[in-house]
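Student: Next come the chains, spelled out residue by residue.
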Amino acid sequence: MKKKVVAALLASVMVMSLTACGSSGSSGGAASAPASEAPASEAPAQSEAAPASEAAAEGEAAADTAASGGDLNGDGKIIVGYISKNTTDVFHATLNGAAEERLDSLVADGTIDEWTGILDGNTDAAKQCDLAQDCINYPCDYVIILPAESTASDPAVTSMADAGIGVIVVNSATDSTDSAAMAFAGSDDVYAGELMGNYVMEHVEGGGTFVHCQGIIGNSAQIQRGEGIANTIEKDSGWTKAADVPCDWDASKAVNTVDDYLAQYGDDLKAVICDNDDMSSAAQAECNAKGREDIVCIGVDGNQGPLQMVKEGTLGATVLQDGAGQVNAGIDAIVASIKGETVEKKIIVPFVLVTPDNVDEYLK
Amino acid sequence: MSEKKKFYQTDEFRMFMGKYGIGVILIFMIFVIAVMKPRFIYPSNILNVLTQISVNCLIAYGMCLAITTGGIDLSVGPQLALVSVLLGQFIVVRNMNIGLSIILALAATTLFGFINGVLIAKFNMAAFVVTLATQLVIRSIAQIISDGKGMSMASQAFKDIYSGTLIGVPLPIIYMVVISVIMYIVMHWTKFGRYVFAVGGNVNAAIASGVDVFWTKALCYTISGLLAGIAGVIFTSKTGSAQSNIGVAYETDAVAACVLGGTSFAGGISTAPGVLLGAVIIGCIYNGMNFLNIGSYYQYMTKGIIIIFAVLLDMVINKKNR
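Respectively, the protein sequence lines represent chains Y and W.
Our numbering puts the first residue of the first sequence at 86, with every later residue one more than the last.
Our numbering puts the first residue of the second sequence at 817, with every later residue one more than the last.
Derived by calculation from the structure, the hints in this document are not laboratory data.
Treat the hints with care, since some could be wrong.
Cross-link-like lysine-lysine pairs, in silico, DSS-like; alpha carbons within 25 Å at most [said to hold, decoys possible]: (1) 1119(W) with 326(Y); (2) 965(W) with 975(W); (3) 853(W) with 162(Y); (4) 326(Y) with 375(Y); (5) 396(Y) with 430(Y); (6) 424(Y) with 396(Y); (7) 338(Y) with 965(W); (8) 338(Y) with 326(Y); (9) 1119(W) with 938(W).
Quick caveat: nothing in here was measured; it's all calculated off a predicted structure.
Can you make the complete structure from the sequences, with help from the hints?
Tutor: What follows is the structure, given as C-alpha cells:
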C-alpha cells in the first residue's frame, strides 16, 4: 500500500514537473512577458544614450505610483541581485562586506524589498553567466555584477540587460558595459599606475633601476596599471626598468622577484612597483629584512595589511582603491534609478595615495 | 504483531529506494525549495537549471566511466581549456569553418583522453597520479597555445551553440539528452558497457573471462576526453571567450554528480541515469541555495553536507538490498 502511495506521489510530482516543462513555450513566455513589457516604457531611455534608464521616463514615472519606480519587471517588488567576483580575495571581501551592509539597510528602510545575498562568482565567468540566469529567474530588477573577466563575463551582463534588468557593473568593465549596462562604477587604473610612478620619482633622488611586479597577465587592472607606469616613470630618463615580471598578484612571487633582482642589480635597485599592495608590502618587508629600507615599494589596493605597515612606518605609501566607495556608488545609482533621478552612466571613484599622514582615515 | 513491519522495513520499499532513492531525495529537495520559493519551479527556471548543468553532466559521464573502472579522471578541467583555446586559434585566428574547428578540437581532447587511458591501462599506473600529471601538461599546452591571453569569440553562429533553442528548449539541454541516451545505451546495452562493469568489479575475473582490460580502460578515458571536449565547446560558446584559465576545479562537481548518482569509488557500480540525477541535484543545490538566500559562505558547507547525507543514505539503503 505504502509503495503505491509513494508511487502515486512520485507520479503526480513528475506529471506536474512535466506539464511545467511542456508548457514552457507558452507559460514561460507569459511569465516573462510582464518582464519584457514593464520596462518597455523605460526601455528606449535605457538603450539609448540617455544615462539613466528612468531619466527620460521621469515624467511618466511621476504619474506612476512611487513604488513602481524601480520595479522594472512589474512583479510588485523591487529586488536587487549581487553577483560577486569571488568571496575569498581580501579586496573583494571588502566590497562584498560594504554591499551587504548597504543593501541590508536599504531593505530595512524599505527602499528595496529584498536582495539575493552575495552570490559567489568563484572568479569563474561561466559561473557568473549561470548566476545571471538565476537573477533573471529570481526575478531581480537590478543586479550589481563584479565581472571576473572582461570578455567571458560579458554574456552575463548582456543577457540580464536583454531581460530588462538594470545592470550595474562595478569595479571592472566588461566589453559591452558601455552599451548594455545601466551604469558602471569603478576606478581608473591608469591613474593608479601614474600615482605609483610619480610617487617613486618624487621619493627617490636621482633615479635608478626599478622592477615591476605584474598581476595576472591579461587582467584589465594589470594592463591599465602598467600603462600608467609607462606614462610616467618609464618616460623619465633617470629611471631604467629592469623588467616586467609576471607575479600573478601573488605576494610570495613578488618576494622571489625582489630577491632575484637584488642579487642582479644590488645597490642600483631603487624601487619596486607592484600591481597590487599584497605584493608591494611583501616586497618591502623582504627589502627591509635585507637591510635595504631605502628601496621604495608601492602597490595598489589599500588592503589592511599594507595599511598597517604604512601606519607602522615600514611601508612608505600604498595606493588605495576605494572598493567600498565603488560598491556604494553602484548602489547609489540603483537608489537614484528607483527614485526616478538621473543616473550617471560612468561613475569614477578616485584612487587615494595613502601615506602616514592620512592612513588613520582608512585603517580599521 | 511481530510480523507487522513498518512500511520502511518492507522489502518492496527497500527495493524501491535502492533503485530510486536518489530520485526521491531530488524530488524532496525540489519540493522543499519550491514551497519556500515557488519561482524555483517556474518553467523558465527549470530550463535554466537544466541548461546550467549540461557542462557538468557531460564531464560527469566521462568521470563515471573512469570511476567505474576503478580510476578517476582529474584532467577534465584543463581539457575544457584546451578545447577553448584551440577553438580560438582555429575560428578567430585562422578563420576556419566552425564545424571543422570543433571536430579538430575534439580530436585533440580525445587524443589526450586516449593517452591517459594508455598510461593507466598499459603501464598499470594509478589513474589519480596519471591524470593529475596530464592535468598539468594539458593546462600548460593550453597556456602555450593561447599565450595566456583570452580571445573574444564574437561569431554569433558560434555563440548559438549555447544560446540557440530548438522548439523552445535551449540547445545545451538537447545535447545533454542526446548524450544521456547514448551513454545509457553504451553503459547498459552494449558488450563494452558490461566489460566496463566487469573490469571495475573484479579485474582478475574479467581477465579470466577474456575481457580485454587494456582496450576497455583506454576507451573509457578516451570517451571521457571526448565528453570533456564537448563540454568545453559548450562552455566556450557560453562565455564567448577562448581562454586557458577556465575549468579550474570542475572535476570536483563531476565527481560529486557521480557519487550522488550511486557511482561507487570501489569500482564496478554505476548507472547512467544516476549520473544524470546527480548532476540535476548539484544544479538544484546551486540554484536553490541562491533562491533561498543562503549566504555564499554557507553554500559550500551545505553542498558538502547534502552530498555526505545523500551518499550515506544511498549506501545504507543499498547495503541492505545487496
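Student: For each hint, tell me whether it holds in the structure or not.
Tutor: Structure-based check of all given hints:
{"no.": "1", "hint": "1119(W) with 326(Y)", "verdict": "violated (49 Å)"}
{"no.": "2", "hint": "965(W) with 975(W)", "verdict": "holds (20 Å)"}
{"no.": "3", "hint": "853(W) with 162(Y)", "verdict": "holds (14 Å)"}
{"no.": "4", "hint": "326(Y) with 375(Y)", "verdict": "holds (21 Å)"}
{"no.": "5", "hint": "396(Y) with 430(Y)", "verdict": "violated (36 Å)"}
{"no.": "6", "hint": "424(Y) with 396(Y)", "verdict": "violated (41 Å)"}
{"no.": "7", "hint": "338(Y) with 965(W)", "verdict": "holds (20 Å)"}
{"no.": "8", "hint": "338(Y) with 326(Y)", "verdict": "holds (18 Å)"}
{"no.": "9", "hint": "1119(W) with 938(W)", "verdict": "violated (37 Å)"}
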